[in-house]
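Asker: Each chain is listed here by its residues.
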Amino acid sequence: MIGLSLSQLSKRFLVKGREVPVLEQLNLQVRPGERIALLGPSGCGKSTLLNILTGLEPAEGRLDFSQPPRIGYVFQEARLLPWLTLEQNLLLVQPRPDKGIVWGWLQRVGLAGYASYFPQQLSIGMQQRAAVARALLIRPNLVLLDEPFSSLDELTAQHMRQELVGWLEAVPATVILVTHNPLEAAYLADRVVLLSKAPGRICRVEEVPFPRPRTYEDPALWTYSRHLVGLLEAS
Amino acid sequence: MRYVEPFVERKGRRSEVLWLGRVASLLSILFAWLFFSAWLGPTVLPGPAATLEYIGQEWKRGQLWLHVGATLKRVMLAFLLAMLLGLVLGAWMGRSRLVEVLLGAWVALGLALPRILIIVAAYLVVGLNERAAVLAVLLIILPNVVVQIQEGVRSLDGRLIQMAQAFRLPPRRLWWRVILPQLAPFFWGTARSTLSLAWKMVVFVELLGRSNGVGYQIAFYFNTFEMRGILAYGIVMVLLLVALDGLLYLAAEWSGRWRGRR
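Quick mapping for you: the protein sequence lines, in order, are chains A and B.
With this note's numbering, letter number 202 in the first sequence gets 202, and the count goes up by one each step, no holes.
With this note's numbering, letter number 11 in the second sequence gets 11, and the count goes up by one each step, no holes.
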């Protein structure tokens with residue numbers, strides 16, 4: 001498991017010759033194995049922060065990892081290659097393709113019968129399951145989840161969040177979740193980092209006061225998510 | 001009660017109609033040829049039977065393959081070189097703004113230059129030889145390949161490339177599995193139009209400065225006003241090119257077979 005530290009991390013985009021700040025002076029310590037939710041309004045730079053962590057975007061400031069990161073990334077959309085079968089999509093990301101591991105994960109996420117299917121032959125939910133499997137089968141020490149269930153209906157999303165908790169047990173990794181859904185943050189995270197409107201600044205870091213695993217049946221979870229909504233509005 | 005026709009049956013009937021349409025289209029060409037041959041007379045436009053007979057004679061004399069083979073060799077050499085260079089340059093220009101700026105003027109020049117000027121200049125500079133002929137055709141068709149591949153690279157899905165980069169895919173896997181499959185429709189489309197252009201240009205180049213090939217034969221038979229010879233060589237070459245185009249079409253269908261899976 002990996003720990004990471006952000007200090008004075010800022011990001012600006014050049015738009016029509018003008019510098020537009022997206023993230024400003026972020027300071028955050030993430031402990032190994034911790035699950036962090038980045039909660040904030042649309043356009044506050046949450047996804048940009050994940051891209052910075054992955055190395056896809058350069059940024060100002062410091063970003064330190066406690067060990068070399070091996071990142072499993074789940075995007076908002078599945079981003080499976082439509083010309084490859086599900087099995088080939090999963091084999092693609094492995095440094096050394098191993099069918100045994102791929103089949104293990106396909107079984108775990110309930111897609112073993114669909115290995116030879118092309119992504120467009122599957123439902124959005126199934127595609128997203130495959131995307132989660134793809135991120136976890138490389139045995140990542142850092143899992144980045146960018147609003148992974150936002151394209152699903154809430155009922156399916158809740159079911160997948162419950163399954164995700166189980167799947168993550170098989171992968172000892174630090175998790176960073178980007179979401180604008182306070183209930184998702186409360187259900188999955190150990191700490192919730194609240195970001196302000198653009199340019200994104202950390203305005204509050206909340207410890208989620210419930211032990212894991214959590215259930216949706218727990219009324220306290222819903223009350224707590226409403227508390228997060230209040231904080232979000234106040235920020 | 002309303003009867004709903006089964007979907008599969010309708011689909012089957014539609015494919016039969018399409019096949020009949022294809023056959024009808026080919027037959028209409030044949031009938032038009034027969035009609036105009038009868039109208040204009042066999043000296044001006046020989047009919048299919050006379051042309052076929054002439055093809056047989058040329059084959060027996062050993063002349064047919066000599067000339068068709070020479071043309072085919074030039075077409076394939078210029079075509080393959082243009083596709084290879086065009087793929088590299090087009091991809092490079094599509095990915096790098098600097099390279100696009102540096103090579104943009106050359107591509108624009110290549111597209112704007114009259115084809116006859118390129119052919120004449122190649123013969124004058126390199127000499128009346130095989131290299132000049134292939135070079136002229138290459139210079140004519142290359143800018144088209146570059147432009148089309150560049151457009152293909154520009155339309156790549158950045159989200160898929162970002163996914164590949166996030167998972168640290170090695171460059172070879174990134175190109176083979178992520179970038180080239182996206183370029184495939186552009187590549188095959190470009191290959192088909194380039195092959196067609198290459199063949200037309202090779203005939204032109206041969207007509208102006210070679211002593212063999214289909215273009216040379218057409219010029220020869222033009223001077224002797226032998227329409228059978230012109231048609232015989234023209235038709236054989238067209239059939240060969242149609243066959244090659246068919247292979248490219250099948251390759252395009254094969255590479256895009258995943259699109260039909262719904």
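Please note that a few of the clues may not be correct.
[Claimed, not checked] To list a few chain A residues with every Cβ distance to chain B over 12 Å, as calculated:
1. N27
2. P32
3. P95
4. M160
[Claimed, not checked] Computed cross-link-like contacts, SDA-like style, restricted to lysine to any residue with a CA-CA straight-line distance of at most 20 Å:
5. B:K73 x B:A112
6. B:K73 x B:M227
7. A:K99 x B:R173
8. B:K200 x B:L98
9. B:K60 x B:P170
10. A:K99 x B:L169
11. A:K197 x A:K99
12. A:K99 x A:R18
13. B:K200 x B:K60
14. B:K60 x B:M227
15. B:K73 x B:R177
16. A:K197 x A:R212
17. A:K16 x B:R97
18. B:K60 x B:L180
19. A:K99 x B:R97
20. A:K16 x B:R131
21. B:K73 x B:E130
22. A:K99 x B:G234
Read the hints as simulated data drawn from the structure, not as lab findings.
Quick reminder that beta carbons are idealized off the backbone N, C-alpha and C, glycines included.
Asker: Evaluate each hint against the coordinates.
Answerer: Tested hints:
| no. | hint | result |
| --- | --- | --- |
| 1 | N27 | holds (24 Å) |
| 2 | P32 | holds (21 Å) |
| 3 | P95 | violated (8 Å) |
| 4 | M160 | holds (19 Å) |
| 5 | B:K73 x B:A112 | violated (27 Å) |
| 6 | B:K73 x B:M227 | violated (25 Å) |
| 7 | A:K99 x B:R173 | holds (17 Å) |
| 8 | B:K200 x B:L98 | violated (34 Å) |
| 9 | B:K60 x B:P170 | violated (56 Å) |
| 10 | A:K99 x B:L169 | holds (17 Å) |
| 11 | A:K197 x A:K99 | violated (44 Å) |
| 12 | A:K99 x A:R18 | violated (49 Å) |
| 13 | B:K200 x B:K60 | violated (26 Å) |
| 14 | B:K60 x B:M227 | holds (19 Å) |
| 15 | B:K73 x B:R177 | violated (32 Å) |
| 16 | A:K197 x A:R212 | violated (30 Å) |
| 17 | A:K16 x B:R97 | holds (17 Å) |
| 18 | B:K60 x B:L180 | violated (45 Å) |
| 19 | A:K99 x B:R97 | violated (40 Å) |
| 20 | A:K16 x B:R131 | violated (48 Å) |
| 21 | B:K73 x B:E130 | holds (11 Å) |
| 22 | A:K99 x B:G234 | violated (54 Å) |
Hints 3, 5, 6, 8, 9, 11, 12, 13, 15, 16, 18, 19, 20, 22 from the list above are not met by this structure, while the remaining hints are.
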